[in-house]
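As they're listed, the protein sequences go chains A and B.
If you count by my numbering, then the first sequence holds residues 1 to 218, one letter each, in order.
If you count by my numbering, then the second sequence holds residues 1 to 238, one letter each, in order.
If you are wondering where the hints come from, they were derived from the structure by calculation, not from laboratory data.
Among the clues, some could well be false.
Where chain A lies over chain B, by a calculated footprint (3+ residues, C-beta under 8 Å) [what the hints assert, rightly or not]:
| hint | region |
| --- | --- |
| 1 | 168-181 |
| 2 | 208-217 |
Pair ranges (Cβ atoms, derived) [said to hold, decoys possible]:
| hint | chain 1 | residue 1 | chain 2 | residue 2 | range |
| --- | --- | --- | --- | --- | --- |
| 3 | B | G21 | A | D113 | 55 to 61 Å |
| 4 | A | N177 | B | T10 | 38 to 44 Å |
| 5 | A | T120 | B | L123 | 49 to 55 Å |
Covered stretches of chain A (in silico footprint by chain B; criterion: 3 or more residues with CB under 8 Å from a CB of chain B, positions within the stretch not fixed) [said to hold, decoys possible]:
| hint | region |
| --- | --- |
| 6 | 42-54 |
| 7 | 116-124 |
| 8 | 143-153 |
Given the structure is predicted, the values throughout are model-derived calculations rather than measurements.
Just so you know, even glycine gets a beta-carbon here, dropped at the ideal spot from N, CA and C.
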Amino acid sequence: MNEGPLVRWDWVWSHLDDIWELTVQHVVLTVIAVSLGLVIAGPLAYYGYRHYAARGPITWVAGVLYTIPSLALFAFLVPFTGLSILTAEIGLVGYTLLILFRNIVAGLDAVPDGVIEAATGMGYTDRRRFWEVELPLAMPVIIAGIRIATVTTVGLVTVTSLISYGGYGKFILQGLNRFFNTQIIIGAVLSVLLATVADVLLIRLERRVTPWAQRRSE
Amino acid sequence: MSGFWADAWTFVLDNLSGDGGIPELLVDHIRISAFTVVLASSIALPGAMWLGHRGRGLAAAVAVVNIGRAIPSFAIVALALPVTIAIGLGLGFWPTFLALFALALPPIFVNTVTGVSEVDDSLVESARGMGLTESQILRTIELPIAMPVILSGVRLSAVQVVATATLGALVGWGGLGRYVVDGFATQNNPKVFIGGLLVALLAITTEIFFSFLERVLIPKGLRKGKKGEPSHERAEAH
Chain A
1 MNEGPLVRWD WVWSHLDDIW ELTVQHVVLT VIAVSLGLVI AGPLAYYGYR HYAARGPITW
61 VAGVLYTIPS LALFAFLVPF TGLSILTAEI GLVGYTLLIL FRNIVAGLDA VPDGVIEAAT
121 GMGYTDRRRF WEVELPLAMP VIIAGIRIAT VTTVGLVTVT SLISYGGYGK FILQGLNRFF
181 NTQIIIGAVL SVLLATVADV LLIRLERRVT PWAQRRSE
Chain B
1 MSGFWADAWT FVLDNLSGDG GIPELLVDHI RISAFTVVLA SSIALPGAMW LGHRGRGLAA
61 AVAVVNIGRA IPSFAIVALA LPVTIAIGLG LGFWPTFLAL FALALPPIFV NTVTGVSEVD
121 DSLVESARGM GLTESQILRT IELPIAMPVI LSGVRLSAVQ VVATATLGAL VGWGGLGRYV
181 VDGFATQNNP KVFIGGLLVA LLAITTEIFF SFLERVLIPK GLRKGKKGEP SHERAEAH
């Protein structure tokens, strides 16, 4: 391993443009994965919310997907979809499904029956009641799920460095191949930092979409 | 595409034995995983049980979960390498083992602390009133009741270790990750595919093994009947 300090700051300063480029890549891969995850898990969760019997099979499939190690999943896909962003995203989206599905269902389940009955009594149609009463009340649990899915995805993106993406994972992989500590450490630290920032932003979003929770605590 | 499946099949047939063959890598993979989980359990369990019994360590457990989720396991494997090189243990087994050990501890610790401390206080109080010693309370009341949560912690840890051992190939260790990583390097897709398949099967087998273990070790009255719905939290994806 190279001599000298643990982190060579001169390397960091001379690679700010690389850092920026990988930051963008890391964020884009994560945002696509979590958004697509929501688009897929949302309707599934709505169906599972209405039809109890569907929950078991959906959870089972998502659970098996979740159990498959990320590197193995990418290895499965590469022969068919190549070293493409599609391969990366199929894997990343796959891992968000279980977390999102379970949290959305749990959030909707937790809406008190009394509230739903009151809304119905006030003449809300099923559809309007879902969008204006049930979904907003389920938001804290749903956002908790989005937070877990996002932080997990930020971590998993690093593994996609093996299929030529990776965001900050690219630094980690290059550092491993060159025995260059600085790159490994910078890659790891930036990844943790990005996960933390994303988490904080989502907490803020939660406050914004659930203003009543704020008011109650004041 | 038919050529691909034929190549994959040939790869399997060519690697049924010998140096770097499937049996050897599979055994290596299972051995390091089992060793790590057993060692991590024997170190984390006693302390975590005691902390749970005293109702302490919960805040620490929450912090561990949150921080642990943000650190990619890939980064942990990568960071283990400079450490083992610095202390003279070099490449291969040691960085892999160090990373796996660091990953194996938190789920076991967290679930044990939470599981034991969540046991109904009134049960513990009445046991104390009946004259049971603290260690009897822990052994005969709290442990059996917390068993489902503790076991799911060990399961999370084991599945994660099996998954992450794959990345050991990046720091010069063997195991089934060799096929994936070497296959990527030489653009040998059938090899990558078979490697991925074997790792996935091993991870799923690990899950199944633990659900069997749960059936044996969890007292009858505490078993949950609902199928398909895992009763406890899962680990982060790996």
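- What hint numbers does the structure not satisfy? Numbers 2, 4, 5, 6, 7 - these are the hints that the structure violates, sorted from lowest upward.
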